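Build the full structure now, drawing on both the sequences and the hints.
Chains as they are written, first to last, in our numbering: chain A, 16 to 236; chain B, 8 to 256; chain C, -11 to 189.
None of these hints come from the bench; they were simulated from the model.
Heads up, none of these hints are tricks.
List time: in silico DSSO-like cross-link candidates among lysine-lysine, alpha-carbon distance up to 30 Å:
| hint | chain 1 | residue 1 | chain 2 | residue 2 |
| --- | --- | --- | --- | --- |
| 1 | A | K34 | A | K17 |
| 2 | B | K126 | B | K188 |
| 3 | A | K17 | C | K124 |
| 4 | B | K126 | A | K64 |
| 5 | C | K124 | C | K136 |
| 6 | C | K136 | A | K17 |
| 7 | B | K188 | A | K64 |
| 8 | A | K34 | C | K124 |
Facing chain C, from chain A, some residues (calculated, C-beta under 8 Å):
| hint | residue |
| --- | --- |
| 9 | K17 |
| 10 | R25 |
| 11 | E96 |
| 12 | A99 |
| 13 | S101 |
| 14 | E103 |
This one's a predicted model, so the numbers in the text were calculated from it and none came from an experiment.
No residue lacks a Cβ here, since even glycine has one placed at the ideal position from N, Cα and C.
Here's the letter readout for the chains.
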Amino acid sequence: MKAFAFVVRRDLLLAMRRKSDVLSALFFFVIVSSLFPLGIGAETALLRKIAPGVIWVAALLSTMLGLQRMFAADHADGTLEQMALSPEPLALLVGGKIAAHWLVCGLPLVALAPLIGLQFDLSGAELGILVLALLLGTPVLSLIGSVGAALTLGVRGGGVLLSLLVLPLYIPTLIFGSGAVYAHTAGQDAGAHLSLLGALLVLGLFFAPWATTAAIRIAIE
Amino acid sequence: MSNSIIHWFKFASPASFYPLAGRMIPWFWLLAAAFGLSGLWLSFFVAPTDAVQGDGYRIIFVHVPASWMSMFIYLVMAAWAGLGLVFNTRLSSMMAQALAPTGALMAFLSLWTGSFWGKPMWGTWWIWDARLTSELILLFLYVGFIALQASIDDPRRADKAGAILALVGSVNVPIIYFSVKWWNTLHQGSTVSLTKAPAMAHTMLLGMLLMALCFWMYAIAVALQRVRAIILERESHAEWVRELKEVLA
Amino acid sequence: MLSAHTLGCIRGERRLFAGIDLAVEPGQCLHVRGENGVGKTSLLRILAGLAAPAEGSVAWRGQPVARVVDDYHQNLLFLGHHNALKEDLTALENLMFAAGLDGATLTEDEATGALRRFGLRGREDLPVRCLSAGQKRRVLLARLLTRKAPLWILDEPFAALDTGAVQALADLIAEHLAIGGMTVMTSHQAIPLNNVRSLQL
Chain A
16 MKAFAFVVRR DLLLAMRRKS DVLSALFFFV IVSSLFPLGI GAETALLRKI
66 APGVIWVAAL LSTMLGLQRM FAADHADGTL EQMALSPEPL ALLVGGKIAA
116 HWLVCGLPLV ALAPLIGLQF DLSGAELGIL VLALLLGTPV LSLIGSVGAA
166 LTLGVRGGGV LLSLLVLPLY IPTLIFGSGA VYAHTAGQDA GAHLSLLGAL
216 LVLGLFFAPW ATTAAIRIAI E
Chain B
8 MSNSIIHWFK FASPASFYPL AGRMIPWFWL LAAAFGLSGL WLSFFVAPTD
58 AVQGDGYRII FVHVPASWMS MFIYLVMAAW AGLGLVFNTR LSSMMAQALA
108 PTGALMAFLS LWTGSFWGKP MWGTWWIWDA RLTSELILLF LYVGFIALQA
158 SIDDPRRADK AGAILALVGS VNVPIIYFSV KWWNTLHQGS TVSLTKAPAM
208 AHTMLLGMLL MALCFWMYAI AVALQRVRAI ILERESHAEW VRELKEVLA
Chain C
-11 MLSAHTLGCI RGERRLFAGI DLAVEPGQCL HVRGENGVGK TSLLRILAGL
39 AAPAEGSVAW RGQPVARVVD DYHQNLLFLG HHNALKEDLT ALENLMFAAG
89 LDGATLTEDE ATGALRRFGL RGREDLPVRC LSAGQKRRVL LARLLTRKAP
139 LWILDEPFAA LDTGAVQALA DLIAEHLAIG GMTVMTSHQA IPLNNVRSLQ
189 L
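So, in structure tokens, the structure goes:
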């Protein structure tokens, strides 16, 4: 477990020293969300209706941008190889990198979402559900995304190929995540959606690190 | 018993599988033709006209079998890829590579025929119902698999990476299907659905079954042809390839 | 302690080498020689366990490496072509984190002492980005010292080192061998050590 903490601390330290990378992804989140009213029209009722979907899609796309950085730098400078040769289980170290990715790319989105939600005139209760859903869903995005990031290490067409692989797998998270808010608006219980998101999170925690580790070993061969 | 074990592993080498596949292919084309002709005859001439949808519904005899096959092929492809990953056999991975385009074609065919069904029935070229949407996502999964293998230069790495993607995909397919059905009911979209086919007359079911078998035999025939081409390409440096009739010609 | 039996390697469609046998006992240094592209780096990576050989096997203390992976990794330090240094971290931080990721304990004093031994006094707290290529390689010498692994597998360790650093590395390897360590390395230059066995690929 100490090695896990070391990896998280290291990646957080690296992110702090390259703040511009991190902040750009967050600004991307804000910009993309703002594009929709500009493209569709600023009628309040319409915005309120599309808000959960728009915010979730913007969150997906911003997470995608950050995925590129998860393993690429370590792969390029040889530190990923060293992790594979560590006596500590690689899956543990990979888990640490995924956790750090979420802390740097996912958690800030959760914090920013209420602000965007206000721009779309969502009510307080809806904002609360949205934040909860994102809190459960963004780790899933990091987990699933890590598999794609590892598979496309050093491969031609990296970024676009990564999106092609990962976005279809993100769809259930998107559906349950935005569905939670829509259900609440429609007067139904959002709990079912949130539980399903929780289930996805548990599944992701169990399977993703192994798949990602296997993909990394293949990439460094 | 030990005899048959040796027998099977002999065909795990591309060199021995190549001629075996060559001999099997014509039989599968024959079976595909036989099932196809009987299936089409049933669907056009024997199955009764539907009370509600008229004769236009007959496209489900292509649409539904194509959907079934697209799902089935994905699982078979993932299984072959998984075998190739676990046992490190090149031929298993080549089979997965050969199946992918056919699976993608089935998914596309399902979407295309679904669209043709929707237009005369409900006036739109596309309906966001559970089946069509899941089919669309399955097509994305196929395209992703093909794109990943195409982007990786080293064939062995492409095999293994593709295998992981296919296995992750197959775990996700039921989840995706479930979530799309959930999404459909939540948003109360169209109340009509392409999955609500007319009540099945005995002959209709038989027709779909025959067409499904036809597509299955077709898929095997085409996959075997494709895997032969892949074998030639990837084993081109080997002695036995250079001595083949078709290569010498 | 480290041995390999009939190793073979295929890269893409070319066979690089086949039937390679080797053994390294405590106190021995093995120099893998050969032309460029003959597969020296591939051999080292196979020995380290990063890549699987097309044929043959590698054994550690008589056991196949696959069965004793954790023990093998505990006792192995591999340095490849890449520096394996994070450019945005300082030399000291790099050493501390590398130790942490390996599950080893390393005090800051030990790390600083190692860096100073190799001429990096005053530079321990600079981001590695600011060091010259030669200085970056010296950080790796400090890593060799602080990691305390019996087996070193080094790919071109003498590259990009000035004469002072070359001597420092040679001394370090000699010390390592004297206490029973083992080294496998590739190098285009002559190795300034005694008792080096050669393997020609």
